[in-house]
Amino acid sequence: MSESFYRENAKKAIADDKLQAAINLIQDRFGTGLLNLWKEKPEMDELRNRVKAAKDKNLKNLDILLAKLADSVEARGGHVFFAETAEEARLYTIELAKRRHVKMVVKGKSMLSAEIKIDQALADAGIEHWETDLGEYLVQLDKDIPSHIIAPAVHMNREHIGDLLAKRIGTPLSYDPPALTLAARKALRRKFLKADMGITGCNIAVAETGQVSLVSNEGNIRMTGTMPPIHVALMGMERVVANMQEHKDMLQLLTLGAAMQKISTYVSFNGGPVAEGCPDGPQEFHLIIIDNGRSKILADETFSEILSCIRCGACLNVCPVYGKIGGHSYNRATYSGPIGAVIEPLFNGINAQADLCKGETLCGACLKVCPVKNNIPRMLLALREKLAYGDEKWDVEQQNPLEELAFRGVGEAMVSPRLWHTGEKVVRSIMKKKPHQNDMVTAMSGPGRAWTDDRDLPPIAEKSFARLWKEKLQNRPLPAEKKEDNSGKDEGEEK
Amino acid sequence: MSAGSSGTFNNSFLFNPMAKRKVSLFIQCLVDSMFPHVGEAMVTVFDRLGIPLEYPPGQTCCGQPSFNAGYQKEARKAALHFIELFEDSEDIVCPSGSCVSMVRHDYPELFKDSPKMQERARAVGKRCYEFSEYLVDQLGVSDCGATFRRKVTYHDSCHLYRNLGIDRQPRVLLNNVKELELIEMKDSTQCCGFGGTFSINYPEISTALVDEKIKNILASGADVVCGCDMSCLMNIKGRLSRLGETVEVVHIAEILAGSEK
Numbered sequence: 001m002s003e004s005f006y007r008e009n010a011k012k013a014i015a016d017d018k019l020q021a022a023i024n025l026i027q028d029r030f031g032t033g034l035l036n037l038w039k040e041k042p043e044m045d046e047l048r049n050r051v052k053a054a055k056d057k058n059l060k061n062l063d064i065l066l067a068k069l070a071d072s073v074e075a076r077g078g079h080v081f082f083a084e085t086a087e088e089a090r091l092y093t094i095e096l097a098k099r100r101h102v103k104m105v106v107k108g109k110s111m112l113s114a115e116i117k118i119d120q121a122l123a124d125a126g127i128e129h130w131e132t133d134l135g136e137y138l139v140q141l142d143k144d145i146p147s148h149i150i151a152p153a154v155h156m157n158r159e160h161i162g163d164l165l166a167k168r169i170g171t172p173l174s175y176d177p178p179a180l181t182l183a184a185r186k187a188l189r190r191k192f193l194k195a196d197m198g199i200t201g202c203n204i205a206v207a208e209t210g211q212v213s214l215v216s217n218e219g220n221i222r223m224t225g226t227m228p229p230i231h232v233a234l235m236g237m238e239r240v241v242a243n244m245q246e247h248k249d250m251l252q253l254l255t256l257g258a259a260m261q262k263i264s265t266y267v268s269f270n271g272g273p274v275a276e277g278c279p280d281g282p283q284e285f286h287l288i289i290i291d292n293g294r295s296k297i298l299a300d301e302t303f304s305e306i307l308s309c310i311r312c313g314a315c316l317n318v319c320p321v322y323g324k325i326g327g328h329s330y331n332r333a334t335y336s337g338p339i340g341a342v343i344e345p346l347f348n349g350i351n352a353q354a355d356l357c358k359g360e361t362l363c364g365a366c367l368k369v370c371p372v373k374n375n376i377p378r379m380l381l382a383l384r385e386k387l388a389y390g391d392e393k394w395d396v397e398q399q400n401p402l403e404e405l406a407f408r409g410v411g412e413a414m415v416s417p418r419l420w421h422t423g424e425k426v427v428r429s430i431m432k433k434k435p436h437q438n439d440m441v442t443a444m445s446g447p448g449r450a451w452t453d454d455r456d457l458p459p460i461a462e463k464s465f466a467r468l469w470k471e472k473l474q475n476r477p478l479p480a481e482k483k484e485d486n487s488g489k490d491e492g493e494e495k
Numbered sequence: 496m497s498a499g500s501s502g503t504f505n506n507s508f509l510f511n512p513m514a515k516r517k518v519s520l521f522i523q524c525l526v527d528s529m530f531p532h533v534g535e536a537m538v539t540v541f542d543r544l545g546i547p548l549e550y551p552p553g554q555t556c557c558g559q560p561s562f563n564a565g566y567q568k569e570a571r572k573a574a575l576h577f578i579e580l581f582e583d584s585e586d587i588v589c590p591s592g593s594c595v596s597m598v599r600h601d602y603p604e605l606f607k608d609s610p611k612m613q614e615r616a617r618a619v620g621k622r623c624y625e626f627s628e629y630l631v632d633q634l635g636v637s638d639c640g641a642t643f644r645r646k647v648t649y650h651d652s653c654h655l656y657r658n659l660g661i662d663r664q665p666r667v668l669l670n671n672v673k674e675l676e677l678i679e680m681k682d683s684t685q686c687c688g689f690g691g692t693f694s695i696n697y698p699e700i701s702t703a704l705v706d707e708k709i710k711n712i713l714a715s716g717a718d719v720v721c722g723c724d725m726s727c728l729m730n731i732k733g734r735l736s737r738l739g740e741t742v743e744v745v746h747i748a749e750i751l752a753g754s755e756k
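These protein sequence lines map, in sequence, to chains W and E. Residue 344 in my numbering sits at position 344 of the first sequence; the count goes up by one each step and never skips. In my numbering, each residue's number is its place in the second sequence (first place is 1) plus 495.
So that you can see chain E by itself, here it is in the shape it has in the complex:
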């Protein structure tokens, strides 16, 4: 199995039967409407790895904003829509940790009063993966063949890090990007202050938190901050932009898709 390391790509996925599985793209609402280029970047990476893709039409939102605001009935409806949409998919891959956490952990909870629905939710949740997690843990990929000539720091998003336990995978991928220098910031796992409707309901607290995050990003000396969740990144980007800071904000898929020479 170590033969993979002899190639240009330091990967074992080529010998992994999982590689033959079809990936259904779960493009969360924020990427769909505001950052479609992140979805495109994911497609580029999967194409390069030879992974067959599909995009089940009719996707909207996983229901997380409703869920976090307490509107469980609405969240349950959205969950049902999602489950019906993805029930026949093989592997479901999403460029957002919090949405995957919603599907994997919160959907089964939403249907705890209905064993049959809960089983369906669990079945879908088990096949739902975050992008970096899927590449590293499921496909055994560590090198996507990308080059990125910048100093990059990585923000650990809350639900990605705490609910899904993903922190190693994105770092493995970033460390294998040619010419990329990964610099860790202080308190990378500290919340950026987004929190969905929290950022609208308590803007002063939210801003104080994102300012703390930005202080640590700037202190790292990196010129790019990347992460696996566009919602946190939108918050960081929005505040950096307002402050007139030039640090660039990108999703990890954009870096992994890059091939600048």
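If we strip away everything but chain W, and leave its shape as in the complex, we get:
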């Protein structure tokens, strides 16, 4: 197998000590923290199951809920647009911006905005746009992409940030986090005051009330949704809940999952444009409900579970592979980590994202930590199955026919003990000829080489257990048959 983009990036990330230290910190604090919380508070299990059940139910009734949501939003004076594709969502936004002569856009942190590539569309239309989440702002200044769903700039350390702000916005060189934050805040305030349009995502939309809820810890999203005259909220079509009770449950899991917070510093309920008696807010509110591949996922019962994801990013914080390779190694996709490994292939092609499907150990930590218990390992296996044999429904080409042949051969041996043990003999004799040190094989060729490049390999034993059993163990002298005595108590004294 030639070195893929994924592996090349992974190697670089592994060699980057600063990145390793930064990810370690976030994983130790949030990942281990959340796992411990679930363990220490088993009563949380009920909440998790309740949210998952609500998600399940809502996904099954999505058409009805979305229609209700649209009605509720419109009743409050908002506009609703259903975008089937990313392109439709971009076009709607850009046309609206042009119509209203928008010159500058501020953005609240939104993964979906990255998914539909709105930034490029804004730039192409000559519209200035600024991220207002501190991490996203830094990433934008660095002309990079986020490397974590919740902590987009986790890959930057304070030295990097100090140099970046000095170079890009001319702040006095400093590596002091409060000073740097203040400098960014000052710069961002000016953008808020000037902006003609605010674009945010949508954490939860409530069908009953027609409100869009957004969580943040910096207050930037609230300003994005209220200060500019136009607020455009981008919403993945699966973000809808039926009522405020479901909203409350989901919000709790979201802030716990994202940052171990009982509640985030800000929770903004965006209920549409200003109205009589409600003087605060934008003049116009637009909700763009985006499909962009979600219907296809919803229609496949193997993968529909992934639409229950609340985008908290907890799976990134426990994944050992993410912990080593960081968010940028996932082919620089929008979503990284375990969640990215499932949805990116589904969104952007299973063949193109094969490394994301196969590049995990299936350790199961993501399943344990996921607030809604999404079975990511199961879905990774299903994706691998499509790569193994090819799949029409998802338009997957068989990835490696030779590999299938090999597995078929080994598969034959698995049902034929004689063939199996012959294979064992062959491998034993091959390995015997390879260099050894301290009873370990140090250099294999063929596929085994990938192992012995970094590790030694124990040899195949002279006699397998099956043979040992046949030759000596089955006729071994048994210890005196004292335990046949059923009377009990004395037996504890036996030695």
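Calculated directly from the structure, the hints in this document are not laboratory data. Where is the CB? At the ideal position from N, CA and C, for every residue including glycine. Some hints could be false.
[Stated by the list, open to error] Derived SDA-like pairs: lysine to any residue, alpha-carbon spacing no greater than 20 Å straight-line:
#	chain 1	residue 1	chain 2	residue 2
1	W	K117	W	M104
2	W	K393	W	I297
3	W	K39	E	L659
4	W	K41	E	D662
5	E	K710	W	S416
6	E	K517	W	P479
7	E	K572	W	S416
8	E	K572	W	V415
9	W	K463	E	E549
10	W	K472	E	L548
11	W	K11	E	K710
12	W	K39	E	E679
13	W	K472	E	R543
14	E	K568	E	E604
15	W	K470	E	P551
16	W	K60	W	A242
17	W	K373	E	T684
18	E	K681	W	L35
19	E	K710	W	N24
20	W	K470	E	D542
21	W	K262	W	D63
22	E	K568	W	N400
23	E	K710	W	A22
24	E	K681	W	A242
25	E	K572	W	G423
26	W	K463	E	P551
27	E	K607	W	Y389
28	E	K681	W	D28
29	E	K568	W	E74
30	E	K681	W	K262
[To be verified] Computed footprint of chain E on chain W, listed as stretches where at least three residues anywhere in the stretch have a Cβ under 8 Å from a Cβ of chain E:
#	segment
31	7 to 17
32	385 to 391
33	440 to 453
[Stated by the list, open to error] Restraint ranges, calculated between C-beta atoms of paired labels, are given here:
#	chain 1	residue 1	chain 2	residue 2	range
34	E	K681	W	G219	35 to 43 Å
35	E	R516	W	E208	55 to 63 Å
36	W	Y175	E	R644	48 to 56 Å
37	E	P610	W	K12	46 to 54 Å
For this one, chain W is given, so just place chain E on it according to the hints.
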């Protein structure tokens, strides 16, 4: 029932009707071919406890490598072979958590389109146990009468810990080994990076993960690392050997079979 604690062995199994059940050894491929002494150690432990044993001939591989690589058809064939082999067994005991997880949890999934086969898979899966789990939960054994004069740290293998929920059982057994000092390492439940074909397809990531594991093993100060899964242990052993580290790697059965004085 507390009478068991008066004896040398702090066990309740002697009064447990389960003790009369016959154990069928499920020796996974890796132990069969590379680490047969682990199977022998299991036999020693069961003999000492007076548990009748059998070894159904014709065992190969449970199909997990195929399953994890996406080759479900091949995995299904291997599963059928296994089910036919062990269908008449009473209790099936294996020195590997991931193989037991495969049989218990994944076999029924593999046959979800065939209710009859799924039922057969479930029936076998229910009787299939990991070694330490069987000793502690089924037989009520906590002390195997072993002595091991070393400092030992324990690695929680992923499927053993997360899919089977086994973490207490091996520790109970190790804590009752005479003269053994159990030292917990940092992040004992973190994956060692093996992951089957993952270790071959993504060796650089796999190595980075096993290096993290080894860092924690060395920092614990233990001179032996033990676990319940030879695949993870082979990965750790292979890397320790390459690094020239002297920490020894053993399966828990080897410790429990030991009687060094």
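Results of checking the hints against the structure:
1. Annotation: proposed proximity of K117(W) to M104(W) holds, straight-line Cα distance about 17 Å (limit 20 Å).
2. Under the criterion of a C-alpha separation no larger than 20 Å, the hint pairing K393(W) with I297(W) is consistent with the structure, at around 11 Å.
3. Of the pairs offered as hints, the one joining K39(W) and L659(E) holds, with about 16 Å between alpha carbons and a cut-off of 20 Å not exceeded.
4. With a CA separation close to 18 Å, the supplied pair K41(W) and D662(E) stays within the 20 Å bound.
5. Distance check on the hinted pair: K710(E) and S416(W) sit about 41 Å apart at the alpha-carbon level, beyond 20 Å; violated.
6. In summary, the hint linking K517(E) to P479(W) is supported, as the alpha carbons are separated by about 16 Å, within the 20 Å threshold.
7. As the CA atoms of K572(E) and S416(W) are separated by approximately 11 Å, the hinted pair is consistent with the 20 Å bound.
8. Proposed proximity of K572(E) and V415(W) is supported: the alpha carbons are some 7 Å apart, at most 20 Å.
9. Between K463(W) and E549(E) the alpha-carbon distance is near 19 Å, which keeps this suggested pair within the 20 Å criterion.
10. Using a Cα cut-off of 20 Å, the hinted pair K472(W) and L548(E) holds, with the two alpha carbons roughly 14 Å apart.
11. Using a Cα cut-off of 20 Å, the hinted pair K11(W) and K710(E) holds, with the two alpha carbons roughly 19 Å apart.
12. The straight-line distance between the Cα atoms of K39(W) and E679(E) is roughly 18 Å, inside the 20 Å bound, and the hint therefore holds.
13. Only pairs whose Cα atoms come within 20 Å are accepted, and K472(W) paired with R543(E) is accepted, the gap being roughly 17 Å.
14. For a cut-off of 20 Å, the pair hint linking K568(E) to E604(E) stands: about 12 Å separates their Cα positions.
15. With a CA separation close to 11 Å, the supplied pair K470(W) and P551(E) stays within the 20 Å bound.
16. Taking the CA atoms of K60(W) and A242(W), the gap is near 12 Å; set against the 20 Å cutoff, the hint holds.
17. In summary, the hint linking K373(W) to T684(E) is supported, as the alpha carbons are separated by about 19 Å, within the 20 Å threshold.
18. Between the alpha carbons of K681(E) and L35(W) the distance comes to roughly 15 Å, so the proposed pair stays at or under 20 Å and holds.
19. Between K710(E) and N24(W) the CA atoms are separated by roughly 14 Å; this keeps the pair inside 20 Å, and the hint holds.
20. Taking the CA atoms of K470(W) and D542(E), the gap is about 17 Å. The hint holds against a cut of 20 Å.
21. Proposed proximity of K262(W) and D63(W) is contradicted: the alpha carbons are some 32 Å apart, above 20 Å.
22. With a C-alpha separation of about 16 Å, the suggested pairing of K568(E) with N400(W) holds against the 20 Å cut-off.
23. Straight-line distance between C-alpha atoms of K710(E) and A22(W) comes to about 18 Å, which keeps the hinted pair within the 20 Å bound.
24. At roughly 43 Å between alpha-carbon atoms, K681(E) and A242(W) are farther apart than 20 Å, so this suggested pair is violated.
25. Pair hint K572(E) plus G423(W) holds up; C-alpha atoms about 18 Å apart against a cutoff of 20 Å.
26. Under the criterion of a C-alpha separation no larger than 20 Å, the hint pairing K463(W) with P551(E) is consistent with the structure, at around 17 Å.
27. Among the hinted pairs, K607(E) with Y389(W) is consistent with the structure: their alpha-carbon atoms are about 19 Å apart, no more than 20 Å.
28. For the suggested pair K681(E) and D28(W), the alpha carbons sit about 11 Å apart, so the restraint of at most 20 Å is met.
29. For the hint pairing K568(E) with E74(W), the CA-to-CA distance comes to about 51 Å; that exceeds 20 Å, so the pair is violated.
30. Restraint check for K681(E) and K262(W): the C-alpha separation of about 27 Å exceeds 20 Å, so the hint is violated.
31. With 4 residues having a beta carbon nearer than 8 Å to a beta carbon of chain E, the segment 7 to 17 of chain W meets the requirement of three or more and the stated coverage holds.
32. For the segment 385 to 391 of chain W, the assignment as covered by chain E holds, since 5 residues bring a beta-carbon within under 8 Å of that chain's beta-carbons and 3 suffice.
33. For the segment 440 to 453 of chain W, the stated coverage by chain E holds: 7 residues have a C-beta nearer than 8 Å to a C-beta of that chain, and at least 3 were required.
34. Separated by about 37 Å at the C-beta atoms, K681(E) and G219(W) satisfy the suggested range of 35 to 43 Å.
35. Separation of R516(E) from E208(W) is about 57 Å and conforms to the stated range, judged on CB atoms against 55 to 63 Å.
36. In this structure the hint that Y175(W) and R644(E) lie 48 to 56 Å apart at CB holds, the actual value being about 52 Å.
37. A hinted range of 46 to 54 Å for the beta carbons of P610(E) and K12(W) is consistent with their spacing of about 50 Å.
Hints 5, 21, 24, 29 and 30 from the list above are not met by this structure, while the remaining hints are.
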